[in-house]
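Participant: Each chain is listed here by its residues.
Number of protein chains: 2
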Amino acid sequence: MTVGGLSPQGYAERLLSGDRLALARVISKFENRDAESAEILRSIFQHTGKAKVWGITGAPGAGKSTLVDQLVRVLRAQGLKVAVVAIDPSSPFTGGAILGDRVRMQDHANDPGVFIRSLGTRGKLGGLSHATLESVLALDAASFDVILVETAGVGQTELEILSLAQLVVVVLVPESGDSVQMMKAGLLEIADLFVVNKSDRPDSDRLVHHLQGVLDLSPEEKRRPEILKTQANAGKGVEAVADQLSVLSSLNGEENRRRGMEFLKREVLHILTERLSLSVQQAFETSSGQELLAQLVARKIDPISAANILSGG
Amino acid sequence: MTVGGLSPQGYAERLLSGDRLALARVISKFENRDAESAEILRSIFQHTGKAKVWGITGAPGAGKSTLVDQLVRVLRAQGLKVAVVAIDPSSPFTGGAILGDRVRMQDHANDPGVFIRSLGTRGKLGGLSHATLESVLALDAASFDVILVETAGVGQTELEILSLAQLVVVVLVPESGDSVQMMKAGLLEIADLFVVNKSDRPDSDRLVHHLQGVLDLSPEEKRRPEILKTQANAGKGVEAVADQLSVLSSLNGEENRRRGMEFLKREVLHILTERLSLSVQQAFETSSGQELLAQLVARKIDPISAANILSGG
Numbered sequence: 098m099t100v101g102g103l104s105p106q107g108y109a110e111r112l113l114s115g116d117r118l119a120l121a122r123v124i125s126k127f128e129n130r131d132a133e134s135a136e137i138l139r140s141i142f143q144h145t146g147k148a149k150v151w152g153i154t155g156a157p158g159a160g161k162s163t164l165v166d167q168l169v170r171v172l173r174a175q176g177l178k179v180a181v182v183a184i185d186p187s188s189p190f191t192g193g194a195i196l197g198d199r200v201r202m203q204d205h206a207n208d209p210g211v212f213i214r215s216l217g218t219r220g221k222l223g224g225l226s227h228a229t230l231e232s233v234l235a236l237d238a239a240s241f242d243v244i245l246v247e248t249a250g251v252g253q254t255e256l257e258i259l260s261l262a263q264l265v266v267v268v269l270v271p272e273s274g275d276s277v278q279m280m281k282a283g284l285l286e287i288a289d290l291f292v293v294n295k296s297d298r299p300d301s302d303r304l305v306h307h308l309q310g311v312l313d314l315s316p317e318e319k320r321r322p323e324i325l326k327t328q329a330n331a332g333k334g335v336e337a338v339a340d341q342l343s344v345l346s347s348l349n350g351e352e353n354r355r356r357g358m359e360f361l362k363r364e365v366l367h368i369l370t371e372r373l374s375l376s377v378q379q380a381f382e383t384s385s386g387q388e389l390l391a392q393l394v395a396r397k398i399d400p401i402s403a404a405n406i407l408s409g410g
Numbered sequence: 098m099t100v101g102g103l104s105p106q107g108y109a110e111r112l113l114s115g116d117r118l119a120l121a122r123v124i125s126k127f128e129n130r131d132a133e134s135a136e137i138l139r140s141i142f143q144h145t146g147k148a149k150v151w152g153i154t155g156a157p158g159a160g161k162s163t164l165v166d167q168l169v170r171v172l173r174a175q176g177l178k179v180a181v182v183a184i185d186p187s188s189p190f191t192g193g194a195i196l197g198d199r200v201r202m203q204d205h206a207n208d209p210g211v212f213i214r215s216l217g218t219r220g221k222l223g224g225l226s227h228a229t230l231e232s233v234l235a236l237d238a239a240s241f242d243v244i245l246v247e248t249a250g251v252g253q254t255e256l257e258i259l260s261l262a263q264l265v266v267v268v269l270v271p272e273s274g275d276s277v278q279m280m281k282a283g284l285l286e287i288a289d290l291f292v293v294n295k296s297d298r299p300d301s302d303r304l305v306h307h308l309q310g311v312l313d314l315s316p317e318e319k320r321r322p323e324i325l326k327t328q329a330n331a332g333k334g335v336e337a338v339a340d341q342l343s344v345l346s347s348l349n350g351e352e353n354r355r356r357g358m359e360f361l362k363r364e365v366l367h368i369l370t371e372r373l374s375l376s377v378q379q380a381f382e383t384s385s386g387q388e389l390l391a392q393l394v395a396r397k398i399d400p401i402s403a404a405n406i407l408s409g410g
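Chains as they are written, first to last, in my numbering: chain A, 98 to 410; chain B, 98 to 410.
Excised from the complex, chain A in its bound form:
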């Protein structure tokens, strides 16, 4: 079966009918900011808004991927269709790929109710966040019930993406001792659930107590996050995590609606920002743009004034 050479509407129809290859191609188009993205998004958008979008973050080595795989297993057993979007920071130094798609796909390769995809950070600033939002919309339109967005939470982009998820799980391990850094990075504010993984290890209770102490000091602006213990590699405690997420999801109606609105506002802003970026690039290539640039380089005009000229102000 091939999906090459389809029109944007063709891709959209195939995606809506459950064609995985079309779904994969559409996500690639979103990731590459392909010119057809807008038309495809338009065609699928009215079929979105049903999926649960949950963010999962944690340190490399915290067993985040294992937890995600086990969550997929539990949610599948409940009859739910589950997608995983792994945000891959492509770090040159911290190990890069959160997942080898191919490796992780193997467990679920023959299951049409599971779709796993990683998205990389290459390309323009803001591009990863934009691609992630639109990929979530594609998976939502393709009738996945739960979309797990997995990040290592290392940068601005990842934290922004997490803030748009309906629920956020932060995975910790006893030896991590990262609570101060965690608070500093704002994860404490966005966490809806803490999972202490590898809880058979020493100090796991100490981490739980420590976290409780930190939460005691937090302002009571939102529901206090639960702390659950798991041993994801043995499958222990994972059902409790899935259950807690389902319960929170049903309790969280107003907050889900608010985050869904923020998600859409962000998507609109991404579309406008992308257009602006393109038009500024084009403007700098015209002869008057080149002249403006020469004046900037010569410090005869400042960037604010140049911006005013470009925006016709």
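Take the hints with a grain of salt, since some may be wrong.
If chains are identical, the list can't say which one is meant, so a pair holds when it fits in one copy or spans any two.
Claimed, not checked - Computed cross-link-like contacts, SDA-like style, restricted to lysine to any residue with a CA-CA straight-line distance of at most 25 Å:
1. 147 x 341
2. 397 x 320
3. 178 x 242
4. 178 x 208
5. 178 x 332
6. 326 x 297
Hints are computed from structural coordinates only; laboratory data are not their basis.
Quick caveat, the model's predicted, so the values are computed rather than measured.
Since the structure of chain A is provided, determine the placement of chain B on it from the hints.
Facilitator: Just chain B now, with coordinates in the frame of chain A:
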């Protein structure tokens, strides 16, 4: 001495006269995207364009900060004024602060020819990149001869910032074995100089040979990066690094000009993007914006059409 309550022009004048407190305040205003930023930038911009801007990246633990401190020492001995801007990813998991400003300042605390500052990732997407560009302009206007921009190179933002530096140094250690990840992340393309630090350790020659092999395979689009060995904590090899950077800097006139132009284009784009973001946010708060948002949430309109309406299209 106080600089509180100054007008934007007052801040600019003090900064240009060498007042470190005014410089620090201006950078904070840029970092916080303070409303006065634009006016200050306008007043200092004509005094920019003289500094050398060099990026330094490397894995946590590669001795990057030690190398930077030693470079500062060497450049100071040459009579140059040196500033360090450390991009702090505020990662919840990878240790956060690249530097404790206070700790690192101690060596140079009484030296008016050295200025060290870290910039964090909190805040809006694109905000860190914008703040870094403007901070570099502030330091340039304040007559620093060399501005070292230090990053852990973990995200899109950091790589984008590095790509705007006139020269980029990538610091590696023998045990890192990160060359594949490095290539994947695009560091190979932007590196102008490799430094193998902690070169007294085993496998340091092996890393050098390996890097040479990788460079042999690279397309010859740009000058082949040198590979230098250092033991930064003992000060060994650091002068050779400084000398090589100075030589490259003088050879690189055309490329410096190109990156300087890209830097200014990016700054103009940041200014316009920030305005767009503000105006979209405001538009969504009006009654017609609220109506538009309600239609989006109800899937009666798609994000592309909403973007068209907001942009008056």
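Participant: Each hint needs a verdict: does it hold in this structure or not?
Facilitator: Verification of the supplied hints:
no.: 1; hint: 147 x 341; verdict: within (19 Å within a copy, 58 Å between copies)
no.: 2; hint: 397 x 320; verdict: neither (55 Å within a copy, 32 Å between copies)
no.: 3; hint: 178 x 242; verdict: within (5 Å within a copy, 58 Å between copies)
no.: 4; hint: 178 x 208; verdict: within (10 Å within a copy, 62 Å between copies)
no.: 5; hint: 178 x 332; verdict: within (19 Å within a copy, 58 Å between copies)
no.: 6; hint: 326 x 297; verdict: within (9 Å within a copy, 44 Å between copies)
Violation of the numbered hints given earlier is confined to hint 2; every other hint is satisfied by the structure.
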